[in-house]
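With the hints as extra help, turn the sequences into a complete structure.
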Amino acid sequence: GNSVTQMEGPVTLSEEAFLTINCTYTATGYPSLFWYVQYPGEGLQLLLKATKADDKGSNKGFEATYRKETTSFHLEKGSVQVSDSAVYFCALSYNQGGKLIFGQGTELSVKP
Amino acid sequence: SAVISQKPSRDICQRGTSLTIQCQVDSQVTMMFWYRQQPGQSLTLIATANQGSEATYESGFVIDKFPISRPNLTFSTLTVSNMSPEDSSIYLCSVDDWDTEYYGYTFGSGTRLTVV
Numbered sequence: 001g002n003s004v005t006q007m008e009g010p011v012t013l014s015e016e017a018f019l020t021i022n023c024t025y026t027a028t029g030y031p032s033l034f035w036y037v038q039y040p041g042e043g044l045q046l047l048l049k050a051t052k053a054d055d056k057g058s059n060k061g062f063e064a065t066y067r068k069e070t071t072s073f074h075l076e077k078g079s080v081q082v083s084d085s086a087v088y089f090c091a092l093s094y095n096q097g098g099k100l101i102f103g104q105g106t107e108l109s110v111k112p
Numbered sequence: 001s002a003v004i005s006q007k008p009s010r011d012i013c014q015r016g017t018s019l020t021i022q023c024q025v026d027s028q029v030t031m032m033f034w035y036r037q038q039p040g041q042s043l044t045l046i047a048t049a050n051q052g053s054e055a056t057y058e059s060g061f062v063i064d065k066f067p068i069s070r071p072n073l074t075f076s077t078l079t080v081s082n083m084s085p086e087d088s089s090i091y092l093c094s095v096d097d098w099d100t101e102y103y104g105y106t107f108g109s110g111t112r113l114t115v116v
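As they're listed, the protein sequences go chains A and B. Position 40 (the first sequence) corresponds to 40 in this note's numbering; numbering is contiguous. Position 111 (the second sequence) corresponds to 111 in this note's numbering; numbering is contiguous.
There's no promise every hint is true.
To give an idea of the chain A side of the interface with chain B (calculated C-beta under 8 Å), a few residues [to be verified]:
#1 Y30
#2 F34
#3 E42
#4 L44
#5 L46
#6 A50
#7 K52
#8 A86
#9 F89
#10 K99
#11 L100
#12 G105
#13 T106
Far from chain A by the CB rule (all over 10 Å, computed), these chain B residues [stated by the list, open to error]:
#14 P8
#15 Q22
#16 S53
#17 S84
#18 Y105
Just so you know, these hints were derived from the structure itself, not from any lab. Every residue gets a Cβ at the ideal spot worked out from N, C-alpha and C, and that includes glycine.
Encoded structure:
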């Protein structure tokens, strides 16, 4: 079946460090891929998305590239800030009306 | 993107009682979804609600425990019935935003439920 696997957390980084959160998926066809962020005590916000192979999603300094050959959608940021501390969820969906399938989430903690 | 108002934001309930969660959207949407996020866990879809039809439940979730209403294209409710401490979770509604350039899913801020 379809599934999403993320690297386990928590991930602890110092401010201005480089961030990578790995995400791989198992799916048939060509799903759309998403990264959502959940700040402490809040709901989910869409961070970025990609809808086809080789697309790069980007937002707020975060980037992720849809790699069909490696079935991956790794999240990267060149220089993290304390305000980036949150839980990050990778997810996939097939089409309008299709459910989101989430990874287990990766908690990021950025220290000053 | 659509803006969702979800109420209540949090509640503490006695076991055996029921809680109804409301989700109001500022625009008409076709699909509405209800998710559960158990403590420290990822999100799991409970059911999908279309206006004018019965909700479609995922495996492991039943209508008697989680009845859903979808009276129009901007509103839905989820009821958590006969609650037990195992129902303590965050419940989130989500809407299908794929008709707009936003192209994705928007989530409400969630309802943090504690059952004592």
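Consistency of the hints with the structure:
With its C-beta approaching chain B no nearer than about 15 Å, Y30/A sits outside the 8 Å limit, and its interface hint is violated. The restraint placing F34/A at the interface with chain B holds, with a minimum CB-CB distance near 6 Å, inside the 8 Å limit. Evaluation of the E42/A hint against chain B yields a held restraint, the C-beta minimum of about 6 Å falling below 8 Å. The closest approach between the C-beta of L44/A and any C-beta of chain B is roughly 4 Å, which is under the 8 Å cut-off, so the hint is satisfied.
At its closest, the beta carbon of L46/A sits 5 Å from a beta carbon of chain B; the interface hint therefore holds under the 8 Å criterion. For A50/A, the shortest C-beta to C-beta distance to chain B is roughly 11 Å, which exceeds 8 Å, and the interface hint is violated. Interface restraint check: K52/A against chain B, minimum CB-CB distance 12 Å, threshold 8 Å, status violated. For A86/A, the shortest C-beta to C-beta distance to chain B is roughly 14 Å, which exceeds 8 Å, and the interface hint is violated.
Taken as an interface hint, F89/A checks out: its beta carbon lies about 7 Å from the nearest beta carbon of chain B, inside 8 Å. Hint status for K99/A relative to chain B: holds, with the closest Cβ pair at about 5 Å, below 8 Å. Checking L100/A against chain B by beta carbon gives a least distance of about 6 Å; that is within 8 Å, so the hint holds. The interface hint given for G105/A holds, since its Cβ lies 5 Å from the closest Cβ of chain B, which is under the 8 Å cut-off.
Interface hint status for T106/A: violated, as the beta-carbon distance to the closest one in chain B is roughly 10 Å, over 8 Å. Every CB of chain A is more than 10 Å from the CB of P8/B (nearest about 13 Å), matching its label as outside the interface. No beta-carbon of chain A is positioned within 10 Å of the beta-carbon of Q22/B; the least distance is around 15 Å. The Cβ of S53/B sits about 12 Å from the closest Cβ of chain A, beyond the 10 Å cut-off, so the non-interface label holds.
With a minimum CB-CB distance of about 24 Å to chain A, S84/B clears the 10 Å threshold, and the non-interface call stands. Listed as outside the interface, Y105/B is inconsistent with that label: its C-beta sits roughly 6 Å from the nearest C-beta of chain A, within the 10 Å cut-off.
Hints 1, 6, 7, 8, 13 and 18 from the list above are not met by this structure, while the remaining hints are.
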